[in-house]
Each structure stands twice: as C-alpha cells, then as structure tokens.
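Asker: Protein chains in written order, with my numbering: chain Y, 10 to 326; chain S, 10 to 326.
None of these hints come from the bench; they were simulated from the model. Among the hints, erroneous ones may be present.
Repeated chains share a single entry, so a pair holds when one copy, or any two copies, can fit it.
To be verified - Heads up, simulated SDA-like pairs for lysine to any residue below, C-alpha to C-alpha not over 20 Å straight-line: (1) K285 - D135; (2) K171 - Y196; (3) K138 - N283; (4) K138 - L284; (5) K70 - V146; (6) K138 - E274.
Protein chains: 2
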Amino acid sequence: MKKNLLIMSEMPEFLVSLFDQSYNTFKVWEQRGSALNKDKEEYISKISQDIDAIAVMGGTKISAELMKRMPNLKVIGCYGVGYDAIDVKFAHTAGIKVTNTPEVLNDEVADTAIALMLNVYKKIIDAEKFARDNLWVNGEFPLSRKFTGTKLGIVGMGRIGKAIAKRAEAFDCIISYHSRNKTDVKYQYYKNINDLAKEVDTLCIITPGGKETEKLINRTVLNNLGKNGVIINVARGSVIDQDELINCLKTNVIAGAGLDVYANEPNIPEELINLKNTVLLPHIASATVETRNAMGQLVFDNIKAYFENKPLISPVV
Amino acid sequence: MKKNLLIMSEMPEFLVSLFDQSYNTFKVWEQRGSALNKDKEEYISKISQDIDAIAVMGGTKISAELMKRMPNLKVIGCYGVGYDAIDVKFAHTAGIKVTNTPEVLNDEVADTAIALMLNVYKKIIDAEKFARDNLWVNGEFPLSRKFTGTKLGIVGMGRIGKAIAKRAEAFDCIISYHSRNKTDVKYQYYKNINDLAKEVDTLCIITPGGKETEKLINRTVLNNLGKNGVIINVARGSVIDQDELINCLKTNVIAGAGLDVYANEPNIPEELINLKNTVLLPHIASATVETRNAMGQLVFDNIKAYFENKPLISPVV
Chain Y
10 MKKNLLIMSE
20 MPEFLVSLFD
30 QSYNTFKVWE
40 QRGSALNKDK
50 EEYISKISQD
60 IDAIAVMGGT
70 KISAELMKRM
80 PNLKVIGCYG
90 VGYDAIDVKF
100 AHTAGIKVTN
110 TPEVLNDEVA
120 DTAIALMLNV
130 YKKIIDAEKF
140 ARDNLWVNGE
150 FPLSRKFTGT
160 KLGIVGMGRI
170 GKAIAKRAEA
180 FDCIISYHSR
190 NKTDVKYQYY
200 KNINDLAKEV
210 DTLCIITPGG
220 KETEKLINRT
230 VLNNLGKNGV
240 IINVARGSVI
250 DQDELINCLK
260 TNVIAGAGLD
270 VYANEPNIPE
280 ELINLKNTVL
290 LPHIASATVE
300 TRNAMGQLVF
310 DNIKAYFENK
320 PLISPVV
Chain S
10 MKKNLLIMSE
20 MPEFLVSLFD
30 QSYNTFKVWE
40 QRGSALNKDK
50 EEYISKISQD
60 IDAIAVMGGT
70 KISAELMKRM
80 PNLKVIGCYG
90 VGYDAIDVKF
100 AHTAGIKVTN
110 TPEVLNDEVA
120 DTAIALMLNV
130 YKKIIDAEKF
140 ARDNLWVNGE
150 FPLSRKFTGT
160 KLGIVGMGRI
170 GKAIAKRAEA
180 FDCIISYHSR
190 NKTDVKYQYY
200 KNINDLAKEV
210 DTLCIITPGG
220 KETEKLINRT
230 VLNNLGKNGV
240 IINVARGSVI
250 DQDELINCLK
260 TNVIAGAGLD
270 VYANEPNIPE
280 ELINLKNTVL
290 LPHIASATVE
300 TRNAMGQLVF
310 DNIKAYFENK
320 PLISPVV
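Next up, chain Y with everything else stripped away, as it sits in the complex (with noise of 0.2 Å):
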C-alpha cells in the first residue's frame, strides 16, 4: 500500500511529480482560498491521522503541535540545508526522523555569496541601471570600490564557509572566521565575533540559523565592522538584528550589506527597499535548476529509503 506523504509547501514539478508515482500525496500549498490560513488548517486537519512522511521547503515551520497531530509520521525530509524552523528536538524524542539537503547545494550558495560581495563593491545593480536608462552618454558611472584583496571573515566555517573561503582565496582575500569551535582550516580564527568583525572588511554570514545564533550580529557587531564594513548574509535573516542592521545601513554606521535572506521572508521591510547601500536578493542562494534538481532528487531518496528501510543518506542527527 502506498504511503501517505504530505507536501508542505510548493516544490518543483519534477519532485511532486516523482512524489505522484510513489505516494499518495497530499498538497498543502494547492489549498488556496480566501482565507488562506484557515483553508490550509481544515485540510491539514481532515488528513493529519493518515499521514506517515511530510516533505517540506527549509524555512517552513514544522512545530511540535504539527508532529503531534500525526501519530504515523516517521520521517520529514526538508528540502534544504537549514532545518531551523523544524523542531527537531521533539521529532527525535517522537522518534521522527529528520534529513535535510548538505553537500549538494555548497557551491551554489558560495557562488551567490561572491555574487553579492562583488555586486556590492562594484555597485554592479546600480551600474546596470545606469547604462540601461543610457544615463552614460551624459558622463561616467562613479567609481567604486575593489573587491580583490580584502579582509574577509566568515561567520560559520563549516561546509558552506570553506566552499566562500576557496573562492575568495582566488580573489587574494585575506580570510579569518568565528565559529563556535576553532576548526581544521588554515585560516586565523577568533573566538570572539566582535574580534573578527573590527578586523575584516566584509562580514559573511553562513552559520544555521535556531534560537543559538539569534540576533548574533547585533548592533555591537556593526559597530565594530565600522564604517567602511560590508554585511553579507546567506544564512539566515534571524542570524541577523534586522531592525539594528537597517539603523545602521541609514545613517552609515556600516558601508553597505548584501542580503539573500530576511527576518520575515517573503517580506522585505520598505525601509531596506529604500536604502541604496543594498544588494536584495531574494532567497535565491541555491536556486539554480541543476542545485535544485539535486535538493529535489535527495529529498526523494531520504524518504524513499527510510520506507525501505535502507540508511537515511543525509540524516539531520
């Protein structure tokens, strides 16, 4: 008999439609009324004691109250790298199982990490939109400033980090990291986060996301990145103090920031839109076709290996 899947949010046609032919598959996002929230619930309702596996986007809330709701849910698989917003603790203690997607979406994360330091350097956006409106027959686009050879630290030295660092290096930036442990790189590490941020040009971000580094870059932070200092962020907007980060953006306590991920997304604050120190990227850090294929494909084979009771490939443990 086939499994009873619930897709929590909307995922590309190719992994519903692998989840089609494998499951009976029931589609949270497709439950679209006027009342959205409301729809959503009596649906999730009417099916939650038949439900034996839930696949979901990384960033969509997966609470405790849901889990246990479902007393035939055996396995989660979260269609990305970050499960924070999981509560994994008590799907362990309920013997849920968790995956999540690593290794596959490294580089493409890193490419949109460097994508946005030289987009924010080089004024690349603003740059484009001036050559576009032909603003360039009346005089030079200012200069900017170079990327090559900066002081770049690395909030999060684990896979993704060292796949920043890599490039960076071919960029001759002088790297430097916090993390919470001193880890098997080359580089310089400091213990303290305000540390590293006094010393570095460019601050990126790539440490999960969860209550333990909430609000990590806090106001004391940008202060000490000063005013020459550029904030990158592809982690998570909760990582970040967002209020404090647009104080500071407004009245050039930092430089400029490149963000991918915001504290409430899909919504960007107005006050970020208006600033022109920025570089606003939609949560696109992995989201390329070839990227999302592989996310996709593993999320699939997670779930498919547990129900055949294989190893799990990528386990959150």
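Got chain Y; can you put chain S on it based on the hints?
Answerer: Just chain S, lined up with the frame of chain Y:
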C-alpha cells in the same frame, strides 16, 4: 620651464591636480559648448604648436593627423591598458613615445568579468529588481543556472586572461583558451576560435582591440557557441560584430551576454537595452577608486619619467 600637457579627456581630479602642479595643462574636455566638436577643434588648433605631451583616457582617438599638428609632441600617456585608439605605428615613426597602464588593473578587470558571469548565469539583476519591487510576496523568483563547474573559454590569455582564469578555477570551471599563439599556461589551447566556441559554455573576451581582432566574434563563432552559450566582453566593443550579437541574442542563437564594452561608446543600442538576456555595464571594468588611482599615478609617473630622461615604466612597444 614647465612643459605643456594636453589632457584630451576628463580624468580623475587627483590626477588633474597632480598634472596642474607640474605642467601647464590644457583641458580639452572643459571646452564644451553648444558645438562640442567645433569648440574642441578650435581649442586644439590654437595650442597644438606648443604641446609637449598628451594624457588621454584609453578609447579616446589620437590620430596621426592630430599628432602631425603637434611638432613638439614627445610622449602620450594613455590611461588604460588598451591603446587601440592611438595610432601607435605613426607615433613610433615620428619618435613619439606611448605609455599605457598594464598590470595595475588586471585584478579589477578580472573581478568585473567574474561579476558579469555570475550575474548572467544567476540572473542577479532581475532577482534584485524582483525583490526590490516586492514581487516575492506573490511567489518565488524563477530558477536560474549554475555557474560553478561550467566550461569557460577565454579569448586572449594575457595578464588579465590569466587573472580571470585564476578566479574561474576556484569555481571549478573547466578552462580553455584561444589566442594567436599558444602560451605558458596549463589550460587547453585552441588555435581555431570556432573549435573553442563549440566546446565551451561561456566565451570571455579579453583580447586587445584594434584592426587585428575586429569582429573576431562573428556570426559563425556565435553559431558555434550555441543556444546555451554565454558571451562576456571586457575587452573592446570592436572585437564583437555587435549587430550579429544582437541578432543572436534576439533569436536565442546564444543564451545571453554580459557586456562592459560596446561598438560606439558611450552609446548602447536600444535593441541591446531592450533584450532581457543581457547584463550591460557602462565600461566600468577598472572603475574603482583604488585601481583608478593606481592607473592615474602610472600615467603621471610615465610622463614624468620621460621629461626627467628616466626609463619609461610601461612603454607601449
């Protein structure tokens, strides 16, 4: 007695200020009236007999005719690495030295090339507008294309070509190149540019301009690059047949283009501006404060060296 220096095109203030301290300066670009070219022409005619040196932005034409009108002209300092707008052959027969600014801009141009590649592949410009227009609340930005691991063909393996290759290696690009002669690099060499175009995903142009490379990238090369192919140009607009490029972009003969240079700068054809598969920059490859300062200093130091009878630092030979 101070020498007479003709400054042909607008230059950074710090450099003009340096020149003002050491020379009698004549500033052509300040002669802007309702009849721009006529005013400039009259201005030059009045002073041409007395000019000892010229400082000029790369890309501004210095013809044999102009040099013939300056019997005292001894040295031309070109601000930029490309000196294709200067009739160097005539200059050399007339005993006029020409200098340019190589090396100091290698990293900057390479940074711009990589920025263009990442922006084209990952559709950063469109994604940024999507975020800033607050469209994210209605749904996700479409998936783009992975850059890491793609095949990069570099046309011109000089100093900047090598700097581009160094960066692209960190993105695991498979690198090959075309130039007139095989050079001392480990990358695969293609004598025939069409063979290279067939092989790669991206063709990045960083070969000198001028007659020898005029329209090197023609319709045949674009056909061979093919429908998934991307053109990046940080060299000179003259190297590409711009009309054919526009045709190919319009009809999806190739996938996209990231351009910093054009056939008739500062004019960008409206057809190019209207194309969505382009990233267009206003010739900013070297346009950061740090790099332009280094370039300006080198222009100054070359002209100074000449009049102090010292060896030129970076003569065009």
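Asker: Now tell me, hint by hint, if it's right for this structure.
Answerer: Outcome of the hint check:
1. Taking CA atoms no more than 20 Å apart as the test, K285 paired with D135 passes in both settings, with 9 Å inside one copy and 17 Å between copies.
2. In the homo-oligomer, the alpha carbons of K171 and Y196 lie at most 20 Å apart inside one protomer (10 Å), although the nearest pairing across protomers, at 25 Å, exceeds that limit.
3. Taking the shortest Cα distances, K138 and N283 sit within 20 Å of each other both inside one copy (16 Å) and across copies (12 Å).
4. In this homomeric assembly, K138 and L284 come within 20 Å of each other (Cα to Cα) both inside a single copy, at 16 Å, and across copies, at 13 Å.
5. Taking the shortest Cα distances, K70 and V146 sit within 20 Å of each other only across copies (17 Å), while inside one copy they are farther apart (50 Å).
6. Taking the shortest alpha-carbon separations for K138 and E274, only the inter-copy value of 16 Å comes in at or below 20 Å, while the best intra-copy value is 26 Å.
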